[in-house]
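Number of protein chains: 2
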Amino acid sequence: MADRFTGLELRSTVSSDARLTLTLAPVTLDPPGPDEVIVRVEATPINPSDLGLLLGPADVSTLAASGSADSPGLTAAIPPARLGAMKARLDQPMPVGNEGAGTVVAAGANVAGLLGKKVGMIGGAMYAEYRKIAARDCIPLPEGASAADGASMFVNPLTALAMVETLRMEGHKALVHTAAASNLGQMLNRICIADGVPLVNVVRNEAQAAILREIGAKHIVDSSAADFREKLTDAIAETGATLAFDAIGGGRLVNSILHAMEAAANRSATEYSRYGSSTFKQVYIYGALDLGPTELDRGYGFAWGVSGFLLTPFLMKLGMEGVLRLRARVAAELKTTFASHYTATISLAEALDPVIAAAYAKKATGEKYLIDPSR
Amino acid sequence: MADRFTGLELRSTVSSDARLTLTLAPVTLDPPGPDEVIVRVEATPINPSDLGLLLGPADVSTLAASGSADSPGLTAAIPPARLGAMKARLDQPMPVGNEGAGTVVAAGANVAGLLGKKVGMIGGAMYAEYRKIAARDCIPLPEGASAADGASMFVNPLTALAMVETLRMEGHKALVHTAAASNLGQMLNRICIADGVPLVNVVRNEAQAAILREIGAKHIVDSSAADFREKLTDAIAETGATLAFDAIGGGRLVNSILHAMEAAANRSATEYSRYGSSTFKQVYIYGALDLGPTELDRGYGFAWGVSGFLLTPFLMKLGMEGVLRLRARVAAELKTTFASHYTATISLAEALDPVIAAAYAKKATGEKYLIDPSR
Numbered sequence: 001m002a003d004r005f006t007g008l009e010l011r012s013t014v015s016s017d018a019r020l021t022l023t024l025a026p027v028t029l030d031p032p033g034p035d036e037v038i039v040r041v042e043a044t045p046i047n048p049s050d051l052g053l054l055l056g057p058a059d060v061s062t063l064a065a066s067g068s069a070d071s072p073g074l075t076a077a078i079p080p081a082r083l084g085a086m087k088a089r090l091d092q093p094m095p096v097g098n099e100g101a102g103t104v105v106a107a108g109a110n111v112a113g114l115l116g117k118k119v120g121m122i123g124g125a126m127y128a129e130y131r132k133i134a135a136r137d138c139i140p141l142p143e144g145a146s147a148a149d150g151a152s153m154f155v156n157p158l159t160a161l162a163m164v165e166t167l168r169m170e171g172h173k174a175l176v177h178t179a180a181a182s183n184l185g186q187m188l189n190r191i192c193i194a195d196g197v198p199l200v201n202v203v204r205n206e207a208q209a210a211i212l213r214e215i216g217a218k219h220i221v222d223s224s225a226a227d228f229r230e231k232l233t234d235a236i237a238e239t240g241a242t243l244a245f246d247a248i249g250g251g252r253l254v255n256s257i258l259h260a261m262e263a264a265a266n267r268s269a270t271e272y273s274r275y276g277s278s279t280f281k282q283v284y285i286y287g288a289l290d291l292g293p294t295e296l297d298r299g300y301g302f303a304w305g306v307s308g309f310l311l312t313p314f315l316m317k318l319g320m321e322g323v324l325r326l327r328a329r330v331a332a333e334l335k336t337t338f339a340s341h342y343t344a345t346i347s348l349a350e351a352l353d354p355v356i357a358a359a360y361a362k363k364a365t366g367e368k369y370l371i372d373p374s375r
Numbered sequence: 001m002a003d004r005f006t007g008l009e010l011r012s013t014v015s016s017d018a019r020l021t022l023t024l025a026p027v028t029l030d031p032p033g034p035d036e037v038i039v040r041v042e043a044t045p046i047n048p049s050d051l052g053l054l055l056g057p058a059d060v061s062t063l064a065a066s067g068s069a070d071s072p073g074l075t076a077a078i079p080p081a082r083l084g085a086m087k088a089r090l091d092q093p094m095p096v097g098n099e100g101a102g103t104v105v106a107a108g109a110n111v112a113g114l115l116g117k118k119v120g121m122i123g124g125a126m127y128a129e130y131r132k133i134a135a136r137d138c139i140p141l142p143e144g145a146s147a148a149d150g151a152s153m154f155v156n157p158l159t160a161l162a163m164v165e166t167l168r169m170e171g172h173k174a175l176v177h178t179a180a181a182s183n184l185g186q187m188l189n190r191i192c193i194a195d196g197v198p199l200v201n202v203v204r205n206e207a208q209a210a211i212l213r214e215i216g217a218k219h220i221v222d223s224s225a226a227d228f229r230e231k232l233t234d235a236i237a238e239t240g241a242t243l244a245f246d247a248i249g250g251g252r253l254v255n256s257i258l259h260a261m262e263a264a265a266n267r268s269a270t271e272y273s274r275y276g277s278s279t280f281k282q283v284y285i286y287g288a289l290d291l292g293p294t295e296l297d298r299g300y301g302f303a304w305g306v307s308g309f310l311l312t313p314f315l316m317k318l319g320m321e322g323v324l325r326l327r328a329r330v331a332a333e334l335k336t337t338f339a340s341h342y343t344a345t346i347s348l349a350e351a352l353d354p355v356i357a358a359a360y361a362k363k364a365t366g367e368k369y370l371i372d373p374s375r
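Line by line, the protein sequences give chains A and B.
Using UniProt numbering, read the first sequence as starting at 1 and increasing by one per residue.
Using UniProt numbering, read the second sequence as starting at 1 and increasing by one per residue.
Honestly, the hints are just simulated from the structure, not real lab data.
None of the values given here were measured: they were computed from a predicted structure.
Please note that the accuracy of each hint is not assured.
[Claimed, not checked] Quick partial rundown of chain B residues pointing at chain A, CB under 8 Å, derived from the structure:
1. G52
2. F228
3. G249
4. E271
5. S278
6. R298
7. F309
C-beta: ideal position from N, C-alpha, C; glycine also.
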């Protein structure tokens, strides 16, 4: 085994001349410290949360190959209006990839037992052939699990579990989820079925509804249907949902959910309250599939909240004991509850192919790409 | 002293034929129970929070006199689109008026000591010549205070104090307030100056800024100025405000405040975070001076929340001990910190005058009307 590992690492650069450029840079890693390992990355997903850093504010319709055959690149134009928000990352090549899995090829003295093991890991810079990382940010995969099985064992599983933890912490009894046929949404259904938490799934078409029916979802509401508001109110009234997690962000869906919750609360109201119902309604926005503004008409009184939601601060609030409890559940149910499905597996070089990049940039529900940097 | 008191009470009715009607109905009160008093109402304010019930969704440009000289009324058309939200109050004459003050003219056996005293009170139905009420919802006014001094001792003072309580409970160190030259905003400035809490006042014109400068406000930002965003960011950076209370609701002001808080947080950031700053930013919307939708472009990461805010649920959360502490402060500082100023004092009959109603319906900042039902 070599003392030093050299491999390619994907870098995303937003330059001052309003261009995005992706490149593959050779990186040589120093030997691991006593509590570190070096992992040969064999599977790393492209999550919606990775795309923000990977493609940033680029105009996807302008994606084009750049660089040379030896050193391929991908480039795209950035609309000048979006450049201001990028000030802090201008002209810095950023490594990308929140999570991944692979084989430990070198291990520090204190963690020598991990050598040769397959692990899942979180920490960024996973779109690379090799990743040096603290052993505490790795979880050994259970017997028989492949790197692909363990590639997405942090972001989606912990986010789905965080939703149910939030429900319990804040005293709600049922949950609404949008973009509900996603990989994350399917996990959430399996968790809620196992834990007996009523879940209202909001999808955007009949094909997505079919995916969820298949896995046993009980409440599925199609936002493209003419009677959406009524059906959503029915499902919320039946379940008592006063909490929602929304992956879409822009437009009026959050507003519709708050209206439906208020209408459900008022179905049992016996007298008029000028300030709306006293039932507190909370929506967390955890994604941005629609980058447009969120519009709230506030026609649901004053007992409501809309907040951004991000996994890391939530886990910090939950504390180490809680985090370890959630991680243990993910490892134990990796091939059942937390199984992910991928549209295609691509190499690092293919991630820089304009046609393939346009496909994964679409963030179509149920579609997810996996990079295997060892290809 | 008579056994029974008979007097007029203002009623607001939204009828199924899309009309609002205000009338004065004669009401005869039974003698007070052992813990109740009957108060001759001598001063009761028209707060923005009363106008929602009083004029409801009426088109103010259609206000017209109705009824007879003996029994005057006020009527207005309701745009049919707004009638749906009124279903729960249709065709029910609603009494109006959250708070008021007057003289106790009858008292139950357990509270006989209140007879003849001037009291402030909260509980609705204050736009009336007499109000029977539980003694626990009354506060005796301090020596030398008039009914007008005590008329507004609940809603605005407790709301202003609730803002500072919220700041402490949620761990913020400074506060932004909009519509800041209002009676409530002036109280809030006096509280914040006394308590050493930095306050950023957002006003809509120079005249309002002048009102606040006069009472010693340090941070005043005019939203009509060309450099509003920059000045707001400067004031937020200087004070460290991460909490705001907004009386306006509609439009982009809440969004501008969140942007300014994020920009202030990023001034001290040393590296790029794709998810925005980790500084949590919270805006409470407690009013609706602009009935349009709230637009949030979410260009400030994920560490933010926007919620409705209503006094009563807040006080329930604060608990009885806290409420008594706040009430005691209001009584002690009634003629200083919590002094209100009124544009005009009107009679119950004048409240039904179309010209006067159009004036108080405007909710102009710094303008507030007082009803004296004993006139």
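Ascending list of hint numbers which this structure does not respect:
Number 2 only.
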